[in-house]
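S.K.: Sequence:
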Amino acid sequence: MALHHIHSLSLMLYLSEFQTKLPNQYITPAFSLAINDEKPPSHYLIAGRNSSGKSLLISALAGNGKVVSGSRECSSVVAEVSVFKQQAIIEEEKQKDSADILDVIAEPTQVRELFERTNEDYQNHPYFNELAATLRIEHLLNNAFLSLSTGETRKVIIMLAWLSNASIILLDEPFEGLDVEAISAFSRFLVSQQQASLVLTANKLADIPKNMQAQLIVMDELGITWKSEGELNYDDLRSELSTWFALGSDDIDVPAALNAKDKHADAPNHNDQSSDALNSELDALPHTLIQLKDGFVRFDDRTVFEKLNFTLSKNEHWQITGPNGSGKTCLLQMFTGDNPHCYTNDLTMFGIKRGTGESIWDIKKHIGIMSNSLHMQYKVNASVEHVIISGFHDSIGLYTRPTLAERTVAEQWLEVLGLKQKKNTPFQSLSFGDQRLVLIARSMVKHPAVLILDEPCNGLDDFNRQKVLKLIDILAKAGTSTLLYVNHNQEERIPSILNTLNMKDYNV
1 MALHHIHSLS LMLYLSEFQT KLPNQYITPA FSLAINDEKP PSHYLIAGRN SSGKSLLISA
61 LAGNGKVVSG SRECSSVVAE VSVFKQQAII EEEKQKDSAD ILDVIAEPTQ VRELFERTNE
121 DYQNHPYFNE LAATLRIEHL LNNAFLSLST GETRKVIIML AWLSNASIIL LDEPFEGLDV
181 EAISAFSRFL VSQQQASLVL TANKLADIPK NMQAQLIVMD ELGITWKSEG ELNYDDLRSE
241 LSTWFALGSD DIDVPAALNA KDKHADAPNH NDQSSDALNS ELDALPHTLI QLKDGFVRFD
301 DRTVFEKLNF TLSKNEHWQI TGPNGSGKTC LLQMFTGDNP HCYTNDLTMF GIKRGTGESI
361 WDIKKHIGIM SNSLHMQYKV NASVEHVIIS GFHDSIGLYT RPTLAERTVA EQWLEVLGLK
421 QKKNTPFQSL SFGDQRLVLI ARSMVKHPAV LILDEPCNGL DDFNRQKVLK LIDILAKAGT
481 STLLYVNHNQ EERIPSILNT LNMKDYNV
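Per this note's numbering, the very first residue in the sequence shown carries number 1; after that it's consecutive.
A hint or two may mislead.
What the hints assert, rightly or not - Simulated restraints, written as ranges between beta carbons of each label pair:
hint: 1; residue 1: K314; residue 2: K423; range: 32 to 40 Å
hint: 2; residue 1: Y26; residue 2: I396; range: 40 to 48 Å
hint: 3; residue 1: E316; residue 2: G230; range: 36 to 44 Å
hint: 4; residue 1: I396; residue 2: E120; range: 36 to 44 Å
hint: 5; residue 1: E491; residue 2: Y26; range: 28 to 36 Å
hint: 6; residue 1: E130; residue 2: E316; range: 38 to 46 Å
hint: 7; residue 1: T303; residue 2: Y26; range: 36 to 44 Å
hint: 8; residue 1: I360; residue 2: V67; range: 40 to 48 Å
hint: 9; residue 1: I360; residue 2: F299; range: 20 to 28 Å
hint: 10; residue 1: L404; residue 2: G230; range: 52 to 60 Å
To be clear, the hints were calculated from the coordinates, so they are not data collected in a lab.
Please read these numbers as outputs of a predicted model, since none were measured by experiment.
Each residue gets a CB set at the ideal place from its N, CA and C atoms; glycine is no exception.
My request is simple: use the sequences and hints to build the entire structure.
M.R.: Structure below.
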């Protein structure tokens, strides 16, 4: 049936060969798709691996960017839940925070203020109480939005979508960053709610809400390759996608680190020499890499955690768990020097007590990090190769000429990740999932004494998720890096990580 004929049957959102230029200057493919706004609501599941184009299609449906060609017609209220939307609100609030240049004292925006801007009568919204309880955010209403954790921020974005009274809600990987309890409860809510037709993306079977019925749209190579005739039930969705998400056999290994000479030379050395030099550097560090005594984090009258005694010793890897807002990211940011509480606590890093006049670079040179916060900060449009190499220099972007040895190691990582053909591609033009892969390689490239991985698998499809988990396990066994690993998913446990720190035990 022709698209304009479908429109005559009360279609509320459709794209016809629609292309936009996104803020990163990337021009989307030309998409054509019809979304019905019906009662009871109908749902759509957009599935595909990383780089298949799912997030680009969501952006086009949301009307993001500047129109390049084609048309988008919409007579419904459309809301978006995505990393793009999350970053946009965070940036807007940060700009407000810096308004002091205009001699204006900016008051931090509270969560309830964001809700009021979207819906003045938000407390009487039919789904407010249910969704607030589902996401467990009642206690956050008076908190400053910018003080929230990544998972808490995602929950606020979800609330805003429903409070807007949207009848079509676009959910780009809605469960990423949520803790286990929130994922389970929100999944049930998505199936039961009757306000909006939902368009969800999925890159793994676990992304499909249990008992959901939806029309399946499969994407590959930036295009829609297949659509089901109508809605499929939950079992049929899983059965259909089990083929699309099938894993291939993939033998991988971690590229060797550079030795001290290679860091400044134009010729790579042999791996055994590199390993010897790296082990020598590690031997020079004390056995206790990090020690925190009676640790705490407080913002105004809110205590995130307290009375935490934690010691990280060489090759004693730790998994850090806990619900959203329990302080996992705050703790890691104290270790990296990105949270001022590192100076108010009794914290020793690599034998250096924080606050004794040490250089932050004396700390960072021993640390590699991958986190949601770093991903949001990495906005320079360097090439993929240069982003990986920047891990040697602990910089966002690359500001020195890379050595041949550094380029050789970066190429080895690109080979492992299956991104060798994108070596010179601008980082900002990659899909969200591919950006994650590149930043994971950046964190690992120098085989740091302490490797911090804060939910590294967010946004990865099953194939790349298994690859990254295997890489982490190999690094844990190698003895060159001691790992601090945050995740919410029980399926993402690393066999070689035997110690667990549950931040819930230190919440007030």
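S.K.: Each of the hints needs a verdict: does it hold here or not?
M.R.: Here is how each hint holds up against the structure:
1. Distance hint for K314 and K423: a CB-CB separation of about 34 Å, consistent with the stated range 32 to 40 Å.
2. Hint check: Y26 to I396, Cβ distance near 20 Å, so the stated range 40 to 48 Å is violated.
3. E316 and G230 have their C-beta atoms about 54 Å apart, which leaves the hinted 36 to 44 Å range violated.
4. Range check, I396 to E120: about 40 Å between beta-carbon atoms, so the 36 to 44 Å window is met.
5. About 32 Å separates the C-beta atoms of E491 and Y26, a value consistent with the hinted range of 28 to 36 Å.
6. For E130 paired with E316, a C-beta distance near 43 Å keeps the hint of 38 to 46 Å intact.
7. At roughly 42 Å, the beta carbons of T303 and Y26 sit within the given window of 36 to 44 Å.
8. For the hinted restraint 40 to 48 Å between I360 and V67, the CB-CB distance of approximately 45 Å keeps it satisfied.
9. A beta carbon spacing of about 22 Å between I360 and F299 agrees with the range 20 to 28 Å that was offered as a hint.
10. Remark: the range hint 52 to 60 Å for L404 to G230 is upheld by a beta-carbon distance near 57 Å.
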